[in-house]
Structure formats: structure tokens, C-alpha cells
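Asker: As you go down the protein sequences, you meet chains C and A in turn. Under this note's numbering, the first residue of the first sequence is numbered 1, with each subsequent residue one higher. Under this note's numbering, the first residue of the second sequence is numbered 1, with each subsequent residue one higher.
What the hints contain is simulated information worked out from the structure, not anything from laboratory work. Warning: the hint list may mix true and false statements.
In the BS3-like style, the derived pairs of lysine-lysine whose C-alpha atoms are separated by at most 30 Å in a straight line are [stated by the list, open to error]:
id	chain 1	residue 1	chain 2	residue 2
1	C	Lys391	C	Lys58
2	A	Lys58	C	Lys299
3	A	Lys89	A	Lys391
4	A	Lys54	C	Lys54
5	A	Lys299	C	Lys89
6	C	Lys301	C	Lys246
7	A	Lys89	C	Lys246
8	C	Lys299	A	Lys54
9	A	Lys308	C	Lys246
10	C	Lys308	A	Lys54
11	A	Lys308	C	Lys89
12	C	Lys391	C	Lys54
Here the structure is a predicted model, which means the values were calculated and not measured.
Number of protein chains: 2
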Amino acid sequence: MNSDLIRGNAIIGQSGGPTAVINQSLVGVVEGLRQGLHAAGVVRTIYGMRHGVKGFVKGDLVDLTSFHQDRLDRLAATPSAGLGSTRDKPDRAYCERILEACRTHDIRYFFYIGGNDSSDTCRIVAEMAASSGYDMRCFHVPKTVDNDLMENDHTPGFPSAARFVAMACMADFMDNISLPGIKINVVMGRHAGFLTAAGALARRHDRDLNPLSDQVSTDGPQLIYVPEVAFDLDRFAADVDRIYAKKGRCHIVVSEGIQDASGVSIGAKLIKNAQVDAHGNVQLSGSGALGDQLADFLKEKLTPAGGKPPRVRADTFGYVQRCWPDSSIIDQKEARRSGRFAAQRALAGDRSGSVAIVRTSGGSEAWLGVDNGTPSLSDFALVPLTAVAAKTRHMPPEFLSGTNNVSRAFVEYALPLVGPLPGFERL
Amino acid sequence: MNSDLIRGNAIIGQSGGPTAVINQSLVGVVEGLRQGLHAAGVVRTIYGMRHGVKGFVKGDLVDLTSFHQDRLDRLAATPSAGLGSTRDKPDRAYCERILEACRTHDIRYFFYIGGNDSSDTCRIVAEMAASSGYDMRCFHVPKTVDNDLMENDHTPGFPSAARFVAMACMADFMDNISLPGIKINVVMGRHAGFLTAAGALARRHDRDLNPLSDQVSTDGPQLIYVPEVAFDLDRFAADVDRIYAKKGRCHIVVSEGIQDASGVSIGAKLIKNAQVDAHGNVQLSGSGALGDQLADFLKEKLTPAGGKPPRVRADTFGYVQRCWPDSSIIDQKEARRSGRFAAQRALAGDRSGSVAIVRTSGGSEAWLGVDNGTPSLSDFALVPLTAVAAKTRHMPPEFLSGTNNVSRAFVEYALPLVGPLPGFERL
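The shape of chain C in the complex, shown without the other chains (with noise of 0.2 Å):
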């Protein structure tokens, strides 16, 4: 117990697009707080915000405190914002309004969970309570499928959407192989290509389930197309033609958040009647409007003089790529003991900062240890929330290959994450 702790309230907010695993992370937290100082008195109400910080600055809490464990471990296996999520993006006006809310409700301790964003309302929080004299710690918990996040190896959400993009990738190129014709699946990430690029990890249909042997097909998805670099159309279609002509089929996987040279999107381009939210951005998820376009540029270029046009189709995964309930389970553990750690650094006198994920292992005896019910792939550490505020990771360029694929370390690093994956007989 630290001496320097100061008695009062926790609140645990919510934010952003929601995951399989953020509700880990709250109950994480929520852990974390009473396994620490809240018998102690140190903490005396643990609340929730409903909706973020859009509710707490109505008064729309949730007293979590005296929760049952029992629905506390079905709440963190739910996937989606349990107590509600916002994308609302506070200004410092409507950060006085936030600190006026703590003051309110006596909260000495604030958990918020979410992507850059979120770390970035933390922050200014933060940096307002000390200016004004108001004595809260304020911790970051990150949660984002884009994995976009500094400082971090990876975040807690993406290893399960990764997951799902790699499956629903392996079996729909196996549906490919049946129907051949040409497959755009498009898949999350506005401005990291991270969860696009585990689309490489459909790439086997092993008989040993041995994932970094030699063994590992290259086959399919022929063609993947991150918002790292720089996208252009008929670029693309040459590149789809290529392997079109060769196996008469062409399985691609894409980034909703491809631009072009200039950095201007080519989703943003294609969409007609785009909603802009609070942070500016437009929507790209909640529409299959890219790989309809893509589709039909595609038709319209590859068609044979005279010729019938090929066969081509679009996916786009959606909403289900980040809250399948089948979620990886490292990364339910880290998600989870991520909020821990926050609560923990909390009440061991720490004032500030955002929870980072830190690699301790290869990856591949963590791979194997999943079925033994003990992965431990990360540890993690506190860093400053000026590092994570409102910045953004990309891939790095040792995860790329050429234009329109990812590099084999990409596959190492990412593998490990998703948990085992099925094993297919192709004849």
C-alpha cells in the first residue's frame, strides 16, 4: 500500500468501436480495484459510465461495485461495449465538463478504455485535473482491432478479429478454389493494415498444424492491399490479372482504408452519401460500397474484347470482425489483465499513463502452450499518455512485401496472436 493514495471513488469508461474483448478489460479493471485497495477503503464506489464520457457528463453511471464474479466473468466473455460506448471525441470544453463530473461523484480514479482517441480524452483530463489542482489518477486501458495503437505490440481486440479474418479468409478460399472466379473481401483498418494483412494467415492448409514449418502454403489470398501503401487501380487490375490468367481464379484481400498516392481514400472516393462522424472521419464500415466498386472496376477492365465478363465478388466482413464471439484466447487473458495492470498501477501510487503490451516470447511455444489453458505471450508496462494520444502505429515496412502483399514476418508475428487455427484437406 502506498502511502501517497488518496480515498475517494473509480470510474471506467468505454469508447470507440467496440471489440470481442473490451468487456476483459473492464471486468479487468473492475478486478483489479478490488482485489487492491477497495477492501482497504481506499476505493469506496466503483462505477461505469454508460455511453463514455457522453453519459458521465449526464450523470448515466452504473455502480459496479458489489457485482457478482459470476456475472462479471459472463460480462467479459460478451462481446461489445457492456456499458456502452461513444464516439464522441471531447474538446476541453467538454473536458471541464468531464472533471466537473468527477468532482461531483468524488472520482479520484479514471479507467477509460479505447484506441487513440480515448487515450487522447485521457490525457487531456489528466493534464486539466493536475492544472486546476484536482488530485485523480487517470489510466488509459487499450482496446483497438485496428492495432494501431504506439507503444504496443499488439492490442487487446485485434488478436480476435484477426482471428476471424484469418478464418473466414481460409474458408472462403477454399469456396473460391470450388467456384473459381475472382474474391475481393474487404476488411477493417482506416489507417493500419494490420488486421488486413492476417488475412495471410489463411495461407495454410497444413496437415501437421505445424504453422511456422515450410510447409505453409502460399497460395491464397494471392493479393493483400494495406493503407500502407500507396493503392492504384490499374496497378490493381494488372495485378489480378496476372494470376486470373494463370489459375483462373483470384482470391484479394483489401484494407477499407486503401488512398491512393496522395493519401486521399479510395473508399471516401466511392461512397455515395458518406456520414462524417465527430472525429471527422467518414464511414467506411457498415457498407460494402469499396468492394462493390472494386468489384465492377474490376468487371469492366478484366472483360475480354466480345468476351463474357469473369466472375467477380466482394465481401465485406463488418461489424461481425470485431465482436465474433469466438474470440482468441490470449487474447481474452491480455485484454483481461490488461485492466488489471491499470487498476493495480493505480493503486500502487502511479498518477497517470496508458497500459502497453510488451512481447516476451518467440511466439511459437505460447502457439503451442494455448491448448495447455496457460498462454504468456506479453507482460506489460505503463508509458506516458503523450505517447499513445491520439497518434497512430502503421504496419512496419518489415511487415510488407512489394506492393500487394505481407512478409513472412508479419505471419510470425501475427500467428501466435489468433490461437490455433483448423486444419483443411484440399484434394
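With the hints as your guide, set chain A onto chain C.
Answerer: This is chain A only, laid out in the frame that chain C set:
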């Protein structure tokens, strides 16, 4: 052993859209032939057609006779059509070529796994063989995620696809509560609404995992539209408006096959550059157009005067519905057994027929029995090819409720098929 049996070779083909369990049926036929009289020399070689009749008429065959059982087991658990599939819909001239290929390869046992079009191919081939005096057994093995084959309580492929739709709707509904708005999910099923109706299985954030208790929530999805009920755009907008006004959110499941009162497909009307297959069907899957058009329609219709449009999102579940690897256990077993049953009846002397699934148990006991690894819900019957061929089964009136919902009877029918669903916690 039936003394009437002819000696010769057997061939198996797969046709139409693949499913997660169509390879179970393929392996089932192989096992049935092996367990039967293959050892006694009645069936010499077991061939597979590459890409159905399309490959067969070109002589593109694979010899399955000596495949190791381990490979067959892995193949059975692999989604997609392992032999390759085709959308060709043979006319009589085409069927002459099929019969010619049968003569060339001394095929005396013909098995075709597919939906209503495939059963029609089987019927024509059987009739032409009989009228030309060529002695051959012709069997249709059922497969379709649409669940629209006559004489069947349900069809292999449907339970697994329904499981995906149910789980996706469960998780996406929680996502919709987290970030409220109007959400449309578009589900496969051109003429029959069974798969779309499976969205109703998501209405359970139960605590005791008793699927048939009265505690089943009816909260979401709130609206379900199937092709069997005429779709009216204005009524649709009014339905959504009513729920959105009350709850601030609305979760909708809609079939790709919805049509207006005069039978015109809403999707076909909206999709640009629509592709038409050999069966005269407009492409509905592999495009997000219907969902996007419905979303645009609702945005326009439900924007208050001078106000902001509601948050409307649409996802089209796409091909992953029919190939998701985590298939229903009951579906796996029934698909395998239906293939074996076809082979057994052929070797018992039956000349032709279509395998049909007959429900033998009420359901809830079988559902509870899944965990023991021994679900047993159904038995099999052999029905005349003409009873199934080119016919479509629709949702019976007792499965419908009003113009925008399905009945409790449908839930009791479908829930035992999909296997255990996760239990969620809601604050």
C-alpha cells in the same frame, strides 16, 4: 447383398454453392460404398467429378478409391466443395454428354450432391439412362444452406449456416446496443427465408442456457424480413421508425431474396451491373448493394426536418455464411450419414432417389445431448427424384409472424439444429 446388383464404377459430384459440410456428404458416399460392396468387387473404382458435371463431361476425374481414411476425415471437416463445384444447369443435350461420359467410364453408380437444380440434373440423367437401356443407379444427396428442398425437414448445410447467422446476429446485436443506431444485416436465401429467419435465434442473452425457456428475450433483432412475405418499402420504413423512436436503435435481418407484392426482387432492382448465372438467377450474393440501398433509403426517409440523419449501417454476411469452419455438430453428422445412406440404398438395390432428412425427435433433448457427442435428431428416407427436382420449399405459414417476424414455432424448429450458442451478459 442384392442379386440384382450390377458391377461397374461409381462417381460422385458436387454442385452449386458450397457449404461447410458438403464434404461430409462426399466422404459419406465414399464410406458407404467402401463399407458396402466395394470389397466384394461390385464397385471397382470410386471416381470424383472435378467441378461437377462440367468437369465430368471433359473427363476430368479424380480417383477416390484408395484415399486414406485420415485424409477423408480431414476433407470431411473442410468447408467448400473439395471436388470443385459448378453452376452449370444441364439441359437434355448436356445430359446426353453426361450419359456418354458414364458409358465411357463404365459408371453404374451415380451420386450428385447439391440443391434443387442438382436433383433435376440427377433426374434427367436417370430418366435418359433408363430410356436408353443403360443400367445405372442415380442418387441425389441433399445440400443447401437455403433449406429449400421439398420432402426434407431440413437440409445439410442449413444448420451450419444458421449457426453462423445466429452467432453473428447475437454479437452484432450487442454491438448495436453499445453504439446505438439502425443496423441492417443481409442474409443469403434467394427464394426461401429459413436462413434469414435464423437471425431470430439471436434473441437470447439468457443466463441458464435453456433455449426453450420463457426467458428468451425478444429484444433483438427486432425485425426480420423473408422472401415469403411481400416487402413494402414504406411499411419497412414505418416498422423501423416505430422501434427507433422507442429505443433509439433498431436491429434488422433481411433476406437477399426479398421481393415486392408482384414478385419482383428488391435486390435485383437495385443492383447495378448484375450478373446472371446459367440458371437465369441474378447475382445477389457477393455484393453489398441491397443493404447499402436499404440503408440509404432509411437515412433519407427517417431524417427529421432540418435534423441529422440517423446512424444507419448495413452488413451483408456474404460467403462466410456458407463456409464458416465452426459448423454445427448435428449438421456434420447428418451430412455424413446422408451420403452413407445414399450409397447403402444404391447397394441395396434401389435404382434412384433423393435422400431426405426426417425429424425423429422434438429437439430440445437432442440439443442437450450435443455435449455428449451423440446428437440424434433425424432419420433418412429415399424419395423419388421427381418429388425434389427443380422444386422449392418455402417457409410454412406457421413459421411466420405478421409481416416482419418469425414465430416461436420456427425457433423451436431451428434451435436444436444449430447446437449450443454462447450465453451473454447484459448490464
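Asker: What are the numbers of the hints the structure violates, in ascending order?
Answerer: 4, 9
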